[in-house]
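Protein chains in written order, with our numbering: chain A, 1 to 111; chain B, 112 to 223.
The hints are simulated quantities; they were obtained by calculation from the structure and are not laboratory data. For each residue, glycine too, the CB sits at the ideal point set by N, CA and C. Hints may contain errors.
To be verified - Each pair of labels, with its calculated beta carbon distance range: (1) Gly114(B) - Ser82(A): 16 to 22 Å; (2) Leu152(B) - Ser82(A): 23 to 29 Å; (3) Lys110(A) - Leu152(B): 23 to 29 Å.
Said to hold, decoys possible - Some chain B residues flagged as far from chain A (calculated, every beta-carbon gap over 12 Å): (4) Gln129; (5) Val130; (6) Asn182; (7) Asn188.
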Amino acid sequence: QKEVEQNSGPLSVPEGAIASLNCTYSDRGSQSFFWYRQYSGKSPELIMFIYSNGDKEDGRFTAQLNKASQYVSLLIRDSQPSDSATYLCAVGVEYGNKLVFGAGTILRVKS
Amino acid sequence: EAGVTQSPTHLIKTRGQQVTLRCSPISGHTSVYWYQQALGLGLQFLLWYDEGEERNRGNFPPRFSGRQFPNYSSELNVNALELEDSALYLCASSSRDSDTQYFGPGTRLTVL
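Excised from the complex, chain A in its bound form (with noise of 0.2 Å):
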């Protein structure tokens, strides 16, 4: 079983929906959570980290956070495409090298 799980996609949404990102993980110890996001050929920029379960809402960006489900979802208003990218999901976690990515998931916002 993966660490922390994302649907590969693509994640096709039109301009100005929302787009609903999720990730798992399987570590119930965590207690750390971000939101990267990646453009082809790019390196990761972070968008968004929660600690707390609830909502986080920066912009059009919210990062919901359910540790009892081990969930944690991104989502997008107002998609725009600029917003195409791969987002990656990282987990923070006492070992290892702190922080364990899932392998991303693409988004595609079509105009």
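Guided by the hints, dock chain B onto chain A, whose structure is given.
Chain B alone, transformed into the frame defined by chain A:
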């Protein structure tokens, strides 16, 4: 504040050669992480350095090695290059009291 920097940007080598990649973390960060990302694949953890010490390494052969200097910059060395080493090599850094990692722009290595 300057971000994580990496050099060189691109590199072309031939099989069997050796390569050294460099990374400078964000000022004040003590941990440096190295990742390999082959084309179309996910991030594969290579090495983690903190306070000059290797803290952990991923599932890579010993020809992948590195070090961290007193100023917290880091080098990744790859010996006896193989074609499958062609990838984007990413460096990330974090501060002592955080697990948030910030990535550099990466070094694109092509092995012919």
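Against the structure, the hints:
no.: 1; hint: Gly114(B) - Ser82(A): 16 to 22 Å; verdict: holds (20 Å)
no.: 2; hint: Leu152(B) - Ser82(A): 23 to 29 Å; verdict: holds (24 Å)
no.: 3; hint: Lys110(A) - Leu152(B): 23 to 29 Å; verdict: holds (25 Å)
no.: 4; hint: Gln129; verdict: holds (24 Å)
no.: 5; hint: Val130; verdict: holds (19 Å)
no.: 6; hint: Asn182; verdict: holds (21 Å)
no.: 7; hint: Asn188; verdict: holds (18 Å)
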